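Could you put the whole structure together from the sequences, leaning on the hints where they help?
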Amino acid sequence: MNQEMKDDSILLKVNHLQTSFFTHFGEVKAVRDVDLTINKGEVVGVVGESGSGKSVTAMSILKLLQHPGKIISGNIIYKGQDLAQRSEKEMRKIRGNEISMIFQDPMTSLNPLITVGEQIMETIIEHQPLNKKQAKEKAINLLNMVKIPDAEKRMKDYPFEFSGGMRQRVMIAIALSCEPDLLIADEPTTALDVTTQSQILKLMKNLKGEFNTSIMLITHDLGVVADICSRIVVMYGGMIMEEGSVEDIFYRSKHPYTLGLLKSVPRPDMDQQSRLEPIKGTPPNLVNPPEGCPFAPRCDYAMKICTTTCPEHTYIQEGHRSMCWLLHEEAPKSDFLSEGDELYE
Amino acid sequence: MTLYVVKRLVAIIITLFMIITLTFFLMHSIPGGPFTGDKNVPEAVAKALSEKYHLDDPLWKQYFDYLKSVAQFDLGPSFKYEGMTVNELIKAGLPVSAKVGLLSVALILIVGIPIGIFAALNQNKWPDTLVMLLATLGVTIPSFVIGTLLLYVFSLKLGWTPAYGVEQWQGYILPVLALSGFSLSFVSRLTRSSMIEVFQQDYMRTARGKGLRPSKIIIKHGLRNGLIPVVTIVGPLIAAMLTGSFVIEKIFALPGIGRHFVQSITNRDYTTIMGITIFYAVILVVIVFIVDLIYGLIDPRIKLNK
Ligand SMILES: Nc1ncnc2c1ncn2[C@@H]1O[C@H](COP(=O)(O)OP(=O)(O)OP(=O)(O)O)[C@@H](O)[C@H]1O
Ligand code: SF4
Ligand SMILES: [Mg+2]
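Going line by line, the protein sequences match chains E and L. With the first letter of the first sequence counted as 1, position 172 gets the number 172 in full-length UniProt numbering; the numbers rise by one all the way through. With the first letter of the second sequence counted as 1, position 7 gets the number 7 in full-length UniProt numbering; the numbers rise by one all the way through.
Calculated from the structure, these hints are not laboratory results. Treat the hints loosely; a few may be bogus.
To be verified - Not everything, but these chain L residues come out facing chain E in the computed CB check (under 10 Å): (1) 199; (2) 201; (3) 205; (4) 210; (5) 224; (6) 298.
On a predicted model such as this, the values are computed, not experimentally measured, just so you know. Positions of the beta carbon are idealized from the N, C-alpha and C atoms, including for glycine.
Structural data, given as C-alpha cells:
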C-alpha cells in the first residue's frame, strides 16, 4: 500500500486511467493516462474543449460506460478500494449512494413516463432502509431543499411539466438523496440559460457547504470554475494538460493550451474591450492520436520534439503541474513562461 | 376524460356509417347479383327471390332500409344460406374465429415482446442475429404461404397435427402460428429496435447512475418507454390479423366467420358481405379506441381531453 492510500484526506484517486471505445473506425482513445485526485470536501473543476474526454473520465469513475467503451487500465481508488476491480453488483451500491452524478442535459435525463417524486424515491428506497412513506417524506424535503415551490404537490408531476432549470434541481435532489461523498456534475448548467445557470450554481454552492460533499465539476465555462472550485484540471485530447489551484491556472498558467483556453472564453475579470481569440485548428482525432504532445498541431510554441515525444508532467510548485516541453530545463527560454503572468495585471 | 370518450364514440359511429355506406355501394357496383348467372336457379325463381329480398327496389331505398335494420342490430337474412340470418352465421362462427384471434394476439404479445427485449439485450450477438433473421423472414412471407407450408410439413408429412377442423385442440396450433407469424415477427422487431433506442437514452444512464438493479432499469425505465411504439401499431396489426383470418380459416377449413366472408363475396351474398364487414369494422374501431385509452395511460404527455 502506498502512502497516498493511507492519506485520509483523499477521497478519490485515479491513477493512469485509460479508456477507449472500440468502434468500426478503430480504437478511440478517449482517456489516455489520466491521474486525478479529489480530496474530501473539495470542489475540483475539470475543463477542456468538447471531446477532450471529460465525460468519459467521469463515466469511467462510476464504471457507467457501455459497449463499445471499456476501461483499459488504471486504478480508481475510492476510500482505499479500487473501483476498477469491483463487480457490477458492488458498483450498484456505490452509484447514487456514495458517488452520484448529475448529467449535462436535464431535459432528457429524467424518465418522461415516471413522476418526479417516484424518480427521487426509488433512489432512496434502493439504498436506504426506509419504507415508501419515509422515502416520500425525504423526497419532499429534498425538493424543498433544492427550492422547488409546492414540493409536495409537484411530487406527482411528470418531468415534462417542469422547466429545464427545475428539472436540473430535481436531478440535484436525486443526486443528493443519499448524501453522497462525491458528486460528479457533468456540465450541470450548460443546457440552461444564464440566469438559471447562476441560480443552479448558487444552489450547488450552498448544498456543498451544507453536506460537505466533494464535487467534481465538469464544465467548459471558466467563469463557473473560478467561482466555485478550489482546484482546476485542464484536459485536452484525453490527457491532463495542466492542474493547479484556481490562481495557478488563471494567473500563472504554464501551459500553451490553458493560455489559449483563457483567451478564448470570456471571464468575469476581463474588461469589455479585450478581444476573444479562439484557439486555431481542431481537436485531435483520437482514433490514431498523433505521437507526441496532443496539442502540437495547434500550438504556437511547438518545437520539433513536441511532435515526436509526449512530454511528462513538470511540477512548477506543489499542486501545480503542467505537461509541456517548454518547462523542460533544456528548452529554449521563451516569452511564454511569463505570458500567464501577464494575463494577470 | 368523459368528454373525450363521448367524442370518440361519436367519431366511431360516423366511421362505421361511412364504412357501411362505402361497402354498400361498392358491393352493388360489382357486376352480377346473388341470383344471376347461377346455373341452378331458373330465371323465374331468381326473379321471385329478388323480389322477396327487395333487390328490385331502387338502390337508395335498399340502402335506407338496410341502415334502418342495422341500427336495430339486425343484419338481415343470408341470401345463400337458406333459413339463416347473418346474425346467426356470425354467432355460429364466432367461437372458433375468436379463439384463433385471441390466441394469436396472446402469442404475439407474450412471445413477441420478450423476444424483442431479449434480442435488444443481446444486440448484435448471435442470439440476436438468429432471432432477427427469423423475424425478417416472418415479415416477408405472406401468411397464406406460411399456412400452406405449415400444413404441408406438420399435417401431411409429419402428421403431428390435424389437417383441418378444430375438433381436437391441436387443430388450433397451425392456424394460430400462421395467423400470428407476421405480427409476431413485426412486434419482436419493433420491440427490439425500440428498446435499443431506449437503452441509449439519457434517462437510462441516469437510472444506471442511481445504482438501480438491472431488472428495475430494464422493466421500469426501459420497457414502458420501449413499448410506446408497439402500442401504436397494435391497431393496424389487429386489422392485418382480421383480414389474414379470412385466408387462414379457408386454408385450414376452420368453421369460423372468415370462411363465410370469402364465399359470400364470390356468391354476391350481399347481406353476408355487409354483415361481416360491419362486424369486423366494429371490432377494429373498438380495439383502436381501447388502444388509444391505454396509450394515454402509459404516456402522461398524452392528455385525453383534446
Ligand atoms: N460511445 C462512444 N463511442 C465512440 N466514441 C466516443 C463515445 N463516447 C465518447 N466518445 C469519444 O470520446 C472522446 C471524449 O468524449 P467526451 O464525451 O468525454 O468529451 P467531453 O470532454 O465530455 O466533451 P463535451 O464537452 O462535448 O461533453 C470524444 O472524442 C468522443 O468522440
Ligand atoms: S509540449 Fe510542445 S506542443 Fe505541447 S503544449 Fe508544450 S510547446 Fe506546445
Ligand atoms: Mg461531456
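Consistency of the hints with the structure:
1. Because the closest C-beta pair between residue 199 of chain L and chain E is about 8 Å apart, less than 10 Å, the hint holds.
2. Annotation: interface hint on residue 201 of chain L holds; nearest CB of chain E at approximately 7 Å, less than 10 Å.
3. Interface restraint check: residue 205 of chain L against chain E, minimum CB-CB distance 7 Å, threshold 10 Å, status holds.
4. For residue 210 of chain L, the shortest C-beta to C-beta distance to chain E is roughly 4 Å, which falls under 10 Å, so the interface hint holds.
5. Because the beta carbon of residue 224 of chain L sits about 5 Å from the nearest beta carbon in chain E, less than 10 Å, this interface hint is met.
6. About 7 Å separates the beta-carbon of residue 298 of chain L from the nearest beta-carbon of chain E, less than 10 Å, and the hint is met.
The structure is consistent with each of the numbered hints, conforming to all of them.
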